[in-house]
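Participant: Line by line, the protein sequences are chains R and U.
1 is the number of the first residue of the first sequence in the working numbering; add one for each residue after it.
1001 is the number of the first residue of the second sequence in the working numbering; add one for each residue after it.
Rather than coming from a laboratory, the hints here were simulated on the basis of the structure.
None of these values were measured; they are calculated from a predicted model.
Cβ coordinates follow ideal geometry from the N, Cα and C atoms, glycine included.
Please note that the accuracy of each hint is not assured.
Here are some of the chain U residues that sit facing chain R, going by a computed Cβ distance under 8 angstroms [what the hints assert, rightly or not]:
no.: 1; residue: Pro1211
no.: 2; residue: Ser1222
no.: 3; residue: Gly1225
Each pair of labels, with its calculated beta carbon distance range [what the hints assert, rightly or not]:
no.: 4; chain 1: R; residue 1: Asp382; chain 2: U; residue 2: Thr1210; range: 21 to 27 angstroms
no.: 5; chain 1: R; residue 1: Ala95; chain 2: U; residue 2: Pro1287; range: 40 to 46 angstroms
no.: 6; chain 1: R; residue 1: Arg120; chain 2: U; residue 2: Val1139; range: 39 to 45 angstroms
no.: 7; chain 1: R; residue 1: Asp134; chain 2: U; residue 2: Trp1006; range: 49 to 55 angstroms
no.: 8; chain 1: R; residue 1: Arg374; chain 2: U; residue 2: Leu1013; range: 32 to 38 angstroms
no.: 9; chain 1: U; residue 1: Leu1151; chain 2: R; residue 2: His361; range: 44 to 50 angstroms
no.: 10; chain 1: R; residue 1: Asp394; chain 2: U; residue 2: Val1010; range: 19 to 25 angstroms
no.: 11; chain 1: R; residue 1: Ala95; chain 2: U; residue 2: Pro1147; range: 29 to 35 angstroms
no.: 12; chain 1: U; residue 1: Trp1006; chain 2: R; residue 2: Gly329; range: 33 to 39 angstroms
no.: 13; chain 1: U; residue 1: Val1139; chain 2: R; residue 2: Ala482; range: 53 to 59 angstroms
no.: 14; chain 1: R; residue 1: Gly268; chain 2: U; residue 2: Thr1210; range: 35 to 41 angstroms
no.: 15; chain 1: R; residue 1: Ala95; chain 2: U; residue 2: Thr1210; range: 39 to 45 angstroms
no.: 16; chain 1: R; residue 1: Ala381; chain 2: U; residue 2: Leu1052; range: 45 to 51 angstroms
no.: 17; chain 1: U; residue 1: Pro1287; chain 2: R; residue 2: Leu12; range: 56 to 62 angstroms
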Amino acid sequence: MTAHEPALELRLITKRFGDLVANDAINFDVRRGEVHALLGENGAGKTTVMRIAYGLTQADEGQILVGGRALVVRSPRDAIAAGIGMVTQHFSLVAPMTVAENLALGRSTGLRLKPGEAGRDAAAVSERFGIRVDPSARVEDLSVGQQQRVEILKALSRNCQILILDEPTAVLVPAEVDALFATLRELVADGLSVVFISHKLAEVRAISDRVSVLRRGERIGTVDGGTDERELARMMVGRPTFGVDRPTDAAQPSGAPILRIRGLSADGPHGLPALSDVSLHVRGGEILGVAGVSGNGQTELVDVLSGMRRPTAGSIAVTDVELAGADPGRMMGAGVGRIPEDRHASLIGDLSVAYNLVLEHLDDFRRGGRIDERGIRARAADLIERFDIRARPDDPVATLSGGNIQKVLLARVLSRGPRVLVVSQPTRGLDVGATEYVRSQLLARRHDGTAILLVSEDLDELLALSDRLIVMYEGRVVGEVAGADADLEHLGMLMAGRGRAA
Amino acid sequence: MRISPWSTPVLVLAAVLITFVITAGPILVAGANPIEAYTAFVITPLTSQFTLLEVLVSATPILFTGAAVAIAFRAGYWNIGAEGQLLLGAIAAAGIGTLVGGLPGIVALPIMVAGGAVAGAAWAFVPALLRVRFGIDEVVTTLLLNPVALLLVNGLLHGPWRDPVTGFPESPRIAASAEFPALIERSRLHLGFLVGLVVILAAWYVLSRTPAGLRLRAAGLSPHGARFAGINVSRTLLGAALVSGAIAGIAGVSEVAGIQNRLTGGLSPGYGYTGIVVATLGTLTMPGVAIAAIFLGDLSIGASSAARSLGIPSQLGAVVQGVLLLTTVALLAMRRQRSGRTGEADKGGSVTGDVAAEGQPG
Chain R
1 MTAHEPALEL RLITKRFGDL VANDAINFDV RRGEVHALLG ENGAGKTTVM RIAYGLTQAD
61 EGQILVGGRA LVVRSPRDAI AAGIGMVTQH FSLVAPMTVA ENLALGRSTG LRLKPGEAGR
121 DAAAVSERFG IRVDPSARVE DLSVGQQQRV EILKALSRNC QILILDEPTA VLVPAEVDAL
181 FATLRELVAD GLSVVFISHK LAEVRAISDR VSVLRRGERI GTVDGGTDER ELARMMVGRP
241 TFGVDRPTDA AQPSGAPILR IRGLSADGPH GLPALSDVSL HVRGGEILGV AGVSGNGQTE
301 LVDVLSGMRR PTAGSIAVTD VELAGADPGR MMGAGVGRIP EDRHASLIGD LSVAYNLVLE
361 HLDDFRRGGR IDERGIRARA ADLIERFDIR ARPDDPVATL SGGNIQKVLL ARVLSRGPRV
421 LVVSQPTRGL DVGATEYVRS QLLARRHDGT AILLVSEDLD ELLALSDRLI VMYEGRVVGE
481 VAGADADLEH LGMLMAGRGR AA
Chain U
1001 MRISPWSTPV LVLAAVLITF VITAGPILVA GANPIEAYTA FVITPLTSQF TLLEVLVSAT
1061 PILFTGAAVA IAFRAGYWNI GAEGQLLLGA IAAAGIGTLV GGLPGIVALP IMVAGGAVAG
1121 AAWAFVPALL RVRFGIDEVV TTLLLNPVAL LLVNGLLHGP WRDPVTGFPE SPRIAASAEF
1181 PALIERSRLH LGFLVGLVVI LAAWYVLSRT PAGLRLRAAG LSPHGARFAG INVSRTLLGA
1241 ALVSGAIAGI AGVSEVAGIQ NRLTGGLSPG YGYTGIVVAT LGTLTMPGVA IAAIFLGDLS
1301 IGASSAARSL GIPSQLGAVV QGVLLLTTVA LLAMRRQRSG RTGEADKGGS VTGDVAAEGQ
1361 PG
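The following block holds chain R by itself, in its conformation from the complex (with noise of 0.2 angstroms):
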């Protein structure tokens, strides 16, 4: 096998989930001795090509080439067998069990574990690619960091030629990224193929030799490791907007802020830091877009803001009720509407579309001591009706598309006049008609005087809503730009980390 020749390619993988098209005719390859860069925003695709590549999904159409030979891959078992491995974000690592048993358990074949040897196995692969692991640890009682060390050297001990990062990056510190790299360049000297799977800029450039983007699942390009950053993120978020349905002459906002955020921070789900020190205001008839990578914090501030997450420091004003630590009942006594961003969960599925739209404000409809039926099927009729939800109230609200969930949630919220607005990823996964009709709902109570605070990953969505954005970055605010004429390349830098840069 000569240099150049792909050690792994993919010729035009395609894969729909539903309507949405994840994966539309891509083409990807990785050389020999190369780290190759799949780069893009949430949702482009990046970790859906690769899962299929490692079997873990199965492309629609598409084929997959290991060593210039077709391969059909239809689990991880297959992938392995020819040599490549990934490690996902979600480690597959037992916790209980030490290290050698982990590594062993990736391996074996036989009916009986040596634990001898298993050891001694474990302190081989670990010299032999000179990755420091202690095999008599506990997986549970090492960093994340380790864990990481642990899962590539379970591939790495499978023989893989080709090794899939998924955002590698993403649960490390500083150090522990320089050590992975550090790691990576050797491993890549003795011939070994990497795909590195990331968002953010600076680290593509650091560790890639050559760089694919995708966007909305289409490949945009492929580019040397070498690009500069504006280009990258040009090539990552840069499109022409199109639609701005935002009407121009609307009444523009006005009057003192409805929601006033102060030094808010808050703790992600692993107890550590996600929401550093925010400071936001929302004016009655504004819309507050939120921009960020998901996984900046976004997540946590919009949980804090429906009551569902204590913060551990700052303030949460709408008018003059402070409201941080308030669970969501009190949230939503003080006039903030919450549409969150797992619209599943957020509902009941096993309970009817009647039920769930009055779920929130059930005191309302209780006559003696028994609930209210017949007003709330009136309620559910009304509401149906209104927001024009294809489902009769008996149906559980799990048997409905993905809109017409979203418009029920809408129903529940907006029928109940709130002041404040917490709306996220708001139309994500749902068709275009349920986006526009979602979209133009957000409008109307922007043109009604409430607060609306819009977080997307959707940019366009974002550009064509929001009278000004803000950008979030590792639980922090690092910039703001004014809806209207945002400068998008300016915009993908500051979502990338690199907003001193520009």
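Mind docking chain U on chain R? Use the hints.
Facilitator: Below, chain U alone, put in the same frame as chain R:
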């Protein structure tokens, strides 16, 4: 209207038929004709007044424990401790029952029932508190409190409550006015059965007709979604656990006041655990619990009479019950998996989502 092959009644009926096919093996081994055996198990007990009443007598305690377990499970609180809660209710009944001799039954009985309910709820309170405060798994804590309750019973019976006259490990007989009267002259069917039906009816009403019941169901179906909608899920779980414990406690009162008239070590042959079976077979609905309790009562009376008439071990009744539980759970799980698969098309939004578990090859 077309009936779905996966609707609950069809499913449970299928489970019964599959169970009969599977248990035909052991019955043949025991030397009996399966058809004859099933007739003896299920049909024969319903054909005479005496056995029919006995069926209801043996359904009485599991009517309570079934309802208790079903309520907790509906809230997503896995109370495996109905057995211990029942024993605490029995202790309370045996204690109160000896003290209320001077009172008329109309006063004494409600006091005793209330006392048993409070005792059962108190026994359920500690694990429930540990769950909502510290997230400690209630399956483990409620289960482990069961043998503790039994030790408490035996400690009392071998200590302060030992019958002073006979020296047997049995508590003194409760006052006559504290005994549950028979519902039908010269039968063992007692007031407890009626109380059980009232409890089932009340639980059904609360679950399906009141805001509290809707909150409880919402919390059980999706704790996250319920919390998001402003429901205090911790308080709901705590409430469900206490009500569940109280109902299980009344089961103990019913056995003491209706059957034994005193506390004995063999008061409950595992009625709390059978309650889990009843609740599962009844698919956690109150009408289902009532039917399942009576069906299991039928089976247990049938099995002991079949032991005499057909000469087969009476444990075959327990075998049928166990296999029925497994087939029902299996069919319910298959239904859940089916609906999970059809619902999947909608969730295409998370294209970048990772699977938590990579297929572990090798």
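Participant: Which of the numbered hints are not met once you compare them with the structure shown?
Facilitator: none
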